[in-house]
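*Asks:* Letter by letter, the chains look like this.
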Amino acid sequence: MPAFSTNMRLKFPIVALLLEIITIALYAVFVVYDTGDAHHPSAHHGTENKSDEASPVTLYPMFQDVHVMIFIGFGFLMTFLKRYGFSSVGINLLLAAFGLQWGLLLQNIWHLHDGKIRVSILSMINADFSTATVLISFGAVLGKTSPVQLLIMTLLEITTFCMNEHIVVEILHASDIGASMTIHAFGAYFGLAVARMLYRPGLRNGHDNEGSVYHSDLFAMIGTVFLWMFWPSFNSAIAEPGDAQLTAIINTYFSLAACALAAYATSSLVEEKGKLDMVHIQNATLAGGVAVGTCADMSIAPFGAMLIGVIAGIISTLGFKFLTPILASSLGIQDTCGVHNLHGMPGILGGLAGIVAASLGRKANISAGYQAAALASSLGFALIGGAITGLILKLPFWGQPPDQNCFDDSLYWEVPEEEEAGESLTHTDHSKNKAEA
Amino acid sequence: MPAFSTNMRLKFPIVALLLEIITIALYAVFVVYDTGDAHHPSAHHGTENKSDEASPVTLYPMFQDVHVMIFIGFGFLMTFLKRYGFSSVGINLLLAAFGLQWGLLLQNIWHLHDGKIRVSILSMINADFSTATVLISFGAVLGKTSPVQLLIMTLLEITTFCMNEHIVVEILHASDIGASMTIHAFGAYFGLAVARMLYRPGLRNGHDNEGSVYHSDLFAMIGTVFLWMFWPSFNSAIAEPGDAQLTAIINTYFSLAACALAAYATSSLVEEKGKLDMVHIQNATLAGGVAVGTCADMSIAPFGAMLIGVIAGIISTLGFKFLTPILASSLGIQDTCGVHNLHGMPGILGGLAGIVAASLGRKANISAGYQAAALASSLGFALIGGAITGLILKLPFWGQPPDQNCFDDSLYWEVPEEEEAGESLTHTDHSKNKAEA
Amino acid sequence: MPAFSTNMRLKFPIVALLLEIITIALYAVFVVYDTGDAHHPSAHHGTENKSDEASPVTLYPMFQDVHVMIFIGFGFLMTFLKRYGFSSVGINLLLAAFGLQWGLLLQNIWHLHDGKIRVSILSMINADFSTATVLISFGAVLGKTSPVQLLIMTLLEITTFCMNEHIVVEILHASDIGASMTIHAFGAYFGLAVARMLYRPGLRNGHDNEGSVYHSDLFAMIGTVFLWMFWPSFNSAIAEPGDAQLTAIINTYFSLAACALAAYATSSLVEEKGKLDMVHIQNATLAGGVAVGTCADMSIAPFGAMLIGVIAGIISTLGFKFLTPILASSLGIQDTCGVHNLHGMPGILGGLAGIVAASLGRKANISAGYQAAALASSLGFALIGGAITGLILKLPFWGQPPDQNCFDDSLYWEVPEEEEAGESLTHTDHSKNKAEA
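Chains as they are written, first to last, in my numbering: chain A, 325 to 761; chain B, 325 to 761; chain C, 325 to 761.
Note that the list lumps identical chains together, so a pair holds whenever it fits in one copy or between two copies.
DSBU-like, lysine-lysine: derived pairs with alpha carbons at most 30 Å apart:
1. 718 - 597
2. 335 - 718
3. 597 - 645
4. 335 - 597
5. 687 - 440
Honestly, the hints are just simulated from the structure, not real lab data. Predicted model only: the values in this text are computed from it and were never measured.
Looking at chain A on its own, in the form it has when it is part of the complex:
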């Protein structure tokens, strides 16, 4: 691939500004504030009589927790790569900033009020949620895609997500309060399908930059810990106010706590010298939040949530250790961040737990059959949508990086000089000699 093809100077600004201008035009036509007295967010929950729910900003602290998960959590979680931190946190911000605008449009286009979309804190939370699918998929293709490719993926993935979400919520009436199926499993398998389409045989034997340095692992822990802490908000933000919301908070809190112990134990167990592996700690400790998502607001009892968390922590860690290498070598799926282990399998586990909980009557008005249909729909849309998206992204003019420049910020970013010269933070004799010469 010739070097000039990765120059973003024209194609990136054009794509970004075009998307933004189209979005603004659609907002000018469709989007208004959800103010006035007829349409409080609480009305969505049938609790309009409770005067203390009437403030339009009641959900705002929950929204901000989710916001932190999207922008700090996902962004810093991916900074573990030694030379890809700018892209991880920077492109994460770009994709989420566009995604939330696009998601808010598509999520609400199905139910206009007088031809308008009314923006409330609740719709902002849902818009943030829609971006999470993209950020999960971003993890699967991290380091191997250009910003232009990723903007297009954002556009297509959120569009696909909104179709599936509409089917799951409005047609199947399935319950998926923490979105194990519609966000986590969907985002993971969408991303894996894209990664399969973009398979790079040249990276079969790994890449020098596909690893961490000491401090990049610490930056990643900022992401991990903020995700871990605020996950109860993710799983409860749009729950029915009152007891259901409290239940979702408590289940997620305990599932994550139990998951952490299981992930640490398993990480030590699978390594010859019993050492902990940062990859497992950064990711598998979060699997309990994913897996308890679907039934977070159901009466599964705290110990039920903890069992789900323990299982999620174990399978996620085992997935990183044993499954990820096999996926890469046998199926041609190069999953940079291991999203299959954090979002894929735990998301399916969450869907299955929801089916079991439904069949045990843990929540009113849901059925095991429709829950299963929702899981199947989410996986189907993800795989087909991801495969089509991957084919589009394979087109040769999106500025994708050559193999040798993968996992390297300097292709798309100005990188500080003394760092660019060495291959890692610690190699600088050459740059030093230059500086002193």
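Add chains B and C to chain A, keeping to what the hints say.
*Replies:* Okay, now just chains B and C, sitting in the frame of chain A:
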């Protein structure tokens, strides 16, 4: 300048403790809790009858968001310099800790109740706000001033700010809910005036330490992302509860999202190879929050907020690329962090947008003329106050750093040994030889 | 000590999973959601009639602030060591995740409802609080203990804490809203007693890894600043809703602000060249939050809170400079993070301030005598519990690190290769030569 003059051992503790003791004495005379049943914060908003607003801690989550912006946001945003992170986050904490105490006094001295200042969450938010002006100005003089100079600047700037704020709010009755004019434009031009007074010809050709390293840019992104996420709280915290507050949240959310796309696009467009520049991403993505401040609580429609964001993102990025070098070379204004691009021009844009919105009747009881007067007042107080403050800080006994020690923590901080020896994270042959010798 | 003894492969997973399985079994028997209409958290405060307090998630934003302090605050505060960041933030997460599960059980086993523990946001806050004692003690033994030892310490310390808390709250009816005595002094002296029992003569002359590098000090500042910002939530989260809670927020806000000035001034004063010391800034700036804890919800007036903050900031800084070395050399107490200066002395100061405030009638229904008894009880349980725990941890089969491997992540963690070779971020000639060979 002789080396001893930068020794802070006596002058810094004396100034810091003296300011603190005077402050405590004034608090002993003037400051009480806003408890009891006659003076809920909600009374300020004329909504006392709404029982659900009556809790004195309703605004506390908003306060904490603003608090995070002040201490994490501003503090880490300035850690981008390779050798000035301790000062950035550490002196930021010092200045804000003193500034909030001083600001709370001066903001409320105009309207005592029975000779007392009653502290509520609302007054804590306003106190935090007052420190933001200083932290913006700090960005203009970052690396070129001593802690003693900065404490004095804090004292003088907050005093000036409170005078201007009183005129804008109480006399002109102008609307500036997100403080584009009274905080952002004010803080920027105050800082630029100080920087002009402290002009250092010796730094005309730059300084070895006036740049970033890879990980310092990542630390700065912590600041950027927290500012970006919580800006809706900054612009809505003191808005009228209910619809106006919701409007301020929504406008800021969309303005920032659109601004991010514009900043990324422009950053790529102005660089020869189309690469993104971390300086733009760290700063210009936030300009939308500044520029939408004045009219955040006005009915400008979401697409109006997005347009403001796009314009702010473009002019801010262009400012970093083209204007900052000219200001330094032609006007003698050395603006370390480029606050003119993040707070100055977007702040003026915000003031202008407010004038337009006022003339279009986007908010009741405000007039374009008074809005314009408020902008003029803010700029005037900033430039004159900043110039006088700069003259005072120019006095030779405040321990200012010699040119060659600018942008270097080790002048005022104990710095870990192996780091001090080299010029950057990556140069350590000398220190290593010493350690091994 | 033979090398194999530190291999965690069997003992760590067994201990971790065993603790988790026992915990889940106990939860299956005892723990239910606090849902339904008879037992809102507000009932604990006797304010059931206030309809706006009735939401079960009212305290959730406060809970999340405390959560951030526990997992980000404590975790990153300890990352200051150059080669121990993985353990600091990682083992912090492990201990807190287990501790909150265990703490919730033991704190509520004293008052079952129909044989059950009902989980609410309030009990989640208290569970998080219980882990803080362990994280404080962790600071005293940081770098010198194995994960297995620390899990056992968590089990024993939280058990001891719950006994003392029961005596202080239920029997002595002492007031300690911000837990200066029951968490801070308790955690510090428990940890110091453990450290005394685990005294290592081999570390008398320090250790190469017992220091910071430039960026590790910046990571630690993330912890410091989040603790500093959210401390008002820590001291007010379980206060009586309304005025008492507001008072606790305000007192803590001002105590910390004044403390910061005092800590900076003292840090500069005690160093020959007047330079600031990161150790002081990272820790002593927080002492005001500890010291104002006991009387945070009492009417001590804002200036009273500020005086407490100033005193705390001064004694904490002096403690780091002068007392810590003496404790190590004369008493054999090697206090890695200096928890005696941040939690120990300021905790006692807080207890004493509570006694004075009680005797001055600053809060109804408390007595100076019972406050003094509570302080004595906390110190007694801490010292005896810590000593016994230390003896148990001294048993030779817990995988404790040999002296030369102290303060080194690589004993218990997979550490990125290029970093492991050098002794710090900046020493890599050897690794480089290898890489180039």
